[in-house]
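*Asks:* Build out the structure end to end from the sequences listed, making use of the hints.
Respectively, the protein sequence lines represent chains S and F. So in this note's numbering, the last spot in the first sequence is 169, and the numbers never skip. So in this note's numbering, the last spot in the second sequence is 516, and the numbers never skip.
Please keep in mind that the hints were generated in silico from the structure rather than gathered at the bench. For clarity, every value in this text was computed on a predicted model and none was experimentally measured. All the pointers check out, no bait thrown in.
Below, a sample of chain F positions facing chain S; criterion: calculated Cβ distance under 10 angstroms:
#	residue
1	Ala90
2	Met97
3	Gly333
4	Gln375
In this text, a Cβ means the ideal position worked out from N, Cα and C, and glycines have one as well.
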Amino acid sequence: MSELTFTLLRLGYLVLLWVFVLSAVAVLRRDLAGPRTARKRRRRPEPATAGGPPQGQAPAAPAPVMSAGPRSGAPTRLVVVAGPLTGTTIPLTQSGILIGRAPSCTLVLDDDYSSSRHARIYPQGNQWYVEDLGSTNGTYMNDQRIQGIVPMPPGVGVQIGQSVVELQG
Amino acid sequence: MSMLSEKLPQGMQDAIQPEENAPGRAAEAVLLVVALALGFGGLAMVGYSLEDRLPDGFWTEVLVLSALSLTAHIVLRIRAPYADQVILPAVMLLNTMSLAMITRLEMAGMRGADAGRHLMWTSLSIAVACVLLLVLRDHRVLRKYTYTVMVAALVLVILPLIPKLGQEINGAKIWINVAGFSLQPAEFAKILFAVFFAGYLVANRDTLALAGKKVLGLQLPRLRDLGPILVVWAVSLMVLVGQKDLGTSLLFFGLFVGMLYLATERGGWVAIGMSMFVVGAFVAWTIFSHVQARVEIWLNPLDPELIEREFGGSYQIVQGMFGMAFGGMFGAGWGEGYSSRIPFAFSDMIYAAFGEELGLTGLLAILLVYLAIVQRGLRAAIGVRDGFGKLLAGGLAFVMALQLFVVVGGITRVIPLTGLTLPFMAQGGSSLLANWIVIALLLRISDAARRPSALPTRGQLATPPMNSGPSTDGAIEVGPGASTADRAAARQSMPSPSDEVTQMHVPIRNDGGDQA
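*Replies:* In structure tokens form, the structure reads like this:
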């Protein structure tokens, strides 16, 4: 084998080696960026949230009642519309949904403003209800801190810590 | 289909997201092809540069390794579809490159280099890893055997000291002779210790983390909780004294301290562990001549008297340094260096041989590939939901990183040279087999970590429990057509001996109380 071919092969080998390393790193990077599915999915124009999601501790700003109109029938899912978990969707069943920081909750919030078992959302009859489970910072609906059990119509944002959740059809 | 899909209308099925179907593992396939091309390319270049023809057995090796890679890939697709896609190609690359290097050394007439045997062990190891992936469906099963595993590990450590069975090779008593094969039981003990520590720490970490008082900002544990760490320290000292094996003793102790830190997040343990290690190492240095010799050749390798010394001299390390220096930036090229002059270039010193033939550029690439494997292991530890899996994956990844550091550090004179082997590269059946088992375990845990789950985790969405609530009899049937969410739900409700405890320990971090 000639000297030139060998040198080319030698350097080409190193290049290929680094191609492998860099493509492996590319796969790792994709993984580090985290799941992007949720963010992409959930940006449909929503009357309830069009006013921009509330930031931080501020109580839910949007006027929610009007969006209940277009959706007929029972809600089918609970959607997080503001906060770190924006876009997360949970299908509704008869068993209700527990929200809080404890790992045993259905929706686990990593949020210092939320209590470990913060609130519960559950159906009774044809209606869904939200119950504050004695949380420290409270659960808000329409800017008002709820006391005990309150009916939760679809499309109305309920603020728990930094997150706002709502029922959707 | 099962109840889930009947109950939920179509729109909701895709609400569950994020991944409904098992990923295709295309990235793994592509990377595997590149890895094999690099391995076989190296082999071919070795042949052409040394003898102007393909090396003997080239096509056998190509066939065997391609078939094995394909098998492993298919096994992963079927049995661990969510497992990490980088690990297998990265390991395959290291292993095939080491095959090329050992073939090269054998062709150069080096005594002890045996590519055929290395290929055989590689095949066996990959086969064992595949079988392990097929048999072990859930890593949590291992937790049942925490203490059995501990006994087995101790037995393995002691085996080389038994007179007839143990063999002394090159001054270290770390081999046993079984049916004509020399095995290093410590390599397997490493895995067993990781399993034992994971099982032990997941049950006891709260005591270890929370009891005790604070001194100078360090949370110091109570004296009576020091028992286990003292035992492990004693075992590793025994390895050091009885078997004259610096590296393995460092590895065991480092593994334990590392996992203790992972489990408790208390820097105090690391401080205690390090000081115990320093004390142990200092005492060993004052008492044992072989430790003194290691330190001496580490500090002054180029001393002519040390190079000439018959036994325990620095000839090996100096040859390795010359080799790497000759390799320079881009290396001499496959088969063009003089790596057969480095003693043990096929096992302990293979890193120096690569430095000579591939240069610094190649060495850095190799280190990055190792780094990728370790990172994937730690990533699996972060992602997996049970505490035992977290500790096991974290421990296995850490011990691989530590081993890499000890070996490469020894060859490049960062620390004294010890007799550890470079995972997947050094010739030696035990090391190869043990490390492939580690890889199988990491793949299994990473599959569990990345599988969409029915259990709620921090920052992820979760499906609410179905009407029946968590089943305790484990009689959930998962048909072949069931969606992955069903499978995940069934997996999660599978009764496992550790369930109660793992559920309690889901987040490895202690969040400092639950009240907001």
